[in-house]
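Participant: Residue numbers (the numbering used here), protein chains in the order written: chain A, 1 to 354; chain B, 1 to 354.
To be clear, the hints were calculated from the coordinates, so they are not data collected in a lab.
Computed footprint of chain A on chain B; a stretch qualifies when at least three of its residues, placed anywhere within it, have a C-beta under 8 Å from a C-beta of chain A:
hint : segment
1    : 146 to 154
2    : 305 to 317
Straight-line distance between alpha carbons at most 20 Å, and here's what the computed PhoX-like set of lysine-lysine pairs gives:
hint : chain 1 : residue 1 : chain 2 : residue 2
3    : B       : K152      : A       : K308
4    : A       : K257      : A       : K326
5    : B       : K326      : B       : K257
6    : B       : K338      : B       : K326
7    : B       : K308      : A       : K152
8    : A       : K338      : A       : K326
Here are the in silico distance ranges between beta carbons for each label pair:
hint : chain 1 : residue 1 : chain 2 : residue 2 : range
9    : A       : R258      : B       : D163      : 51 to 59 Å
10   : A       : N141      : B       : S140      : 30 to 38 Å
11   : B       : V172      : A       : E273      : 56 to 64 Å
Treat the numbers as computed from the prediction; the structure is a model and nothing was measured.
The C-beta atom is built at its ideal place from N, Cα and C for all residues, glycine as well.
2 protein chains.
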Amino acid sequence: MLVCSRCGREYPETFRLTCNCGGTLLVERDYYDFFGNLLPYLDMRRYLNFLPIGGTYLPPPVPAITPTTSLQIGAVFALFKLEYLQPSGSFKDRGTFVTVAKLMEDGVNEVVIDSSGNAALSMALYSLPAGIRVHTFVSSNMMPGKLFLLSKLGAFIHVIEGDRMTVHERAVEFAESEGLTYITHWLNPYFIEGTKTAAFEAYEQVGLPDYVLAPTGSGTLFLGLWKGFRELERMGEIPELPRMIAVQAAGYESLCKRSPERNILADGIAIPEPPRLEEMRRTLEDTNGLCVSVTEEETEEAWDWLRKVGFLVEPTSAVVLAAAWKLIEAGEISDGSKVLMPLTGSGLKLTEGI
Amino acid sequence: MLVCSRCGREYPETFRLTCNCGGTLLVERDYYDFFGNLLPYLDMRRYLNFLPIGGTYLPPPVPAITPTTSLQIGAVFALFKLEYLQPSGSFKDRGTFVTVAKLMEDGVNEVVIDSSGNAALSMALYSLPAGIRVHTFVSSNMMPGKLFLLSKLGAFIHVIEGDRMTVHERAVEFAESEGLTYITHWLNPYFIEGTKTAAFEAYEQVGLPDYVLAPTGSGTLFLGLWKGFRELERMGEIPELPRMIAVQAAGYESLCKRSPERNILADGIAIPEPPRLEEMRRTLEDTNGLCVSVTEEETEEAWDWLRKVGFLVEPTSAVVLAAAWKLIEAGEISDGSKVLMPLTGSGLKLTEGI
Chain A
1 MLVCSRCGRE YPETFRLTCN CGGTLLVERD YYDFFGNLLP YLDMRRYLNF
51 LPIGGTYLPP PVPAITPTTS LQIGAVFALF KLEYLQPSGS FKDRGTFVTV
101 AKLMEDGVNE VVIDSSGNAA LSMALYSLPA GIRVHTFVSS NMMPGKLFLL
151 SKLGAFIHVI EGDRMTVHER AVEFAESEGL TYITHWLNPY FIEGTKTAAF
201 EAYEQVGLPD YVLAPTGSGT LFLGLWKGFR ELERMGEIPE LPRMIAVQAA
251 GYESLCKRSP ERNILADGIA IPEPPRLEEM RRTLEDTNGL CVSVTEEETE
301 EAWDWLRKVG FLVEPTSAVV LAAAWKLIEA GEISDGSKVL MPLTGSGLKL
351 TEGI
Chain B
1 MLVCSRCGRE YPETFRLTCN CGGTLLVERD YYDFFGNLLP YLDMRRYLNF
51 LPIGGTYLPP PVPAITPTTS LQIGAVFALF KLEYLQPSGS FKDRGTFVTV
101 AKLMEDGVNE VVIDSSGNAA LSMALYSLPA GIRVHTFVSS NMMPGKLFLL
151 SKLGAFIHVI EGDRMTVHER AVEFAESEGL TYITHWLNPY FIEGTKTAAF
201 EAYEQVGLPD YVLAPTGSGT LFLGLWKGFR ELERMGEIPE LPRMIAVQAA
251 GYESLCKRSP ERNILADGIA IPEPPRLEEM RRTLEDTNGL CVSVTEEETE
301 EAWDWLRKVG FLVEPTSAVV LAAAWKLIEA GEISDGSKVL MPLTGSGLKL
351 TEGI
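Working from the sequences, and respecting the hints, build out all of it.
Facilitator: Here you go:
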């Protein structure tokens, strides 16, 4: 069932963004026996028994199990999870896969989404074979490369002048006026069901990390990872949750103190007012977590380092490393710790402007 | 050991391209018990026990286990293996991973490679963290996006006027005059050791296919898949080899009859004189295989179809589907058959010219 994070009201598992009280929703189910319920797939279908979809319709580009590769940073084990190796080039495909399967089950065939790029690209890619028409609301400063790909995937593109929040508002207005389903991943509980599988995979690959660092704008990956580890804890697989570290972009912080300067480079998390803010705060409290803000300069340095070890990613992906460096230097991450860091978006899309 | 395909001479497992007689080399080892020797990784390291490298040095961007997803085409089960979901955006990373590990073991730190794009990109990506300097010889008509990525990865770029064979000759000359190691994947036996793991994965994922279709220019994927299935046969896992189908681009055929028209779109296999031609011929004979040539128009149609089902790939990737359509129509592929088709290169790199 879907459960409201604010008032606790329950709803059946159909597509829905918020509670009638305005609160955000999460899927709540009881699971038992993690390893006993894995399916013998070597892709995301491996975790189908932990997903709120029937499996009758699954979109053809099944998300991959992404490698998790270890590199030592001083005395710390950095565990980079290559989440950018997905069909649309970002971790978003995990959430989209579950969302599109659910929309198909519900018979929805036309939707509205707003995005800084990757979420829209992912949705367009998975909707095309599902026969779902996608209206994407994007900012006029969206990268031309992503816009081009979006148009090739048959999305109806609505370019909006203004910042990320304005794009969001226009999308909501359009969906309401046209009577269409608005499916922002900022709220969509099925999206988080997809991203939680990254935690399952990481657990299978490297066991329980001590810290999990995630780029955190809307928080869909941060909360997904938390939810995945929480389900593992409830299944009795792990004794406690890893410490969840939310990494934010300077000037766009929602959990950390807002900086006067702006990190424009990490555009994927430039979301100053995310609707799941309360849940993220609670996660930081519950896991003895932290929020870390990183500047553009720090992001660039980390991005450069990642490229040199062979990770061709988008700048937003680099914020986790920048944050890890700061936490190690500050003594917040102790020697011998295992630090899981998802790298979220592919650098292959950036051929004209890396 | 390395064994010459022409005279049978044996060499130790150090980096070497050809036999003294000029014949091509393959790694030959005896393996037993496939499932008993899998390692508990969910990435390419799963197959380390079947690779001729020690594992002391492995490049950080470990190739992924790529999803294999089934779509029905009429009464045939098309099994698309998403080989483009690799760190550099192509299947080449499998071969490069093994090659770079071997070069490190041998203490090689400067190499020369020629490529239409993907092989060079892959080599540059994996060489950077390994501290190997890479001279890449590319054609002046190489896609600007790929060239840009290559320069960002620290490769020394040598742009050559002329066709693919001219680029190859210039690279060989340069390596000889500078006393550097020339590492073309056209000949490199360690490259094929990497690509064979795609067969292992496919076998784990979907069992033994009836047909395997591979884009075939230099044949490094075609022969890798054949070698992987042959090793499974020798380990007693499968009773016989699948029928190997080499798919070639019109105008550049080496196994099929040469067409007068040219398929420029499938540029990844525009290799009219591959050095492993005899081995490919033998593979077709041994497996009751076939060669199929596809035109630019057929490639484009298949490419379009792939995009609409959510596979954002390079045009060369589409030739396998074009060939499958022709074989199904001709009755060569019978109803109920399982047809494995690797999709080889990512479309994300093509933001300026898809």
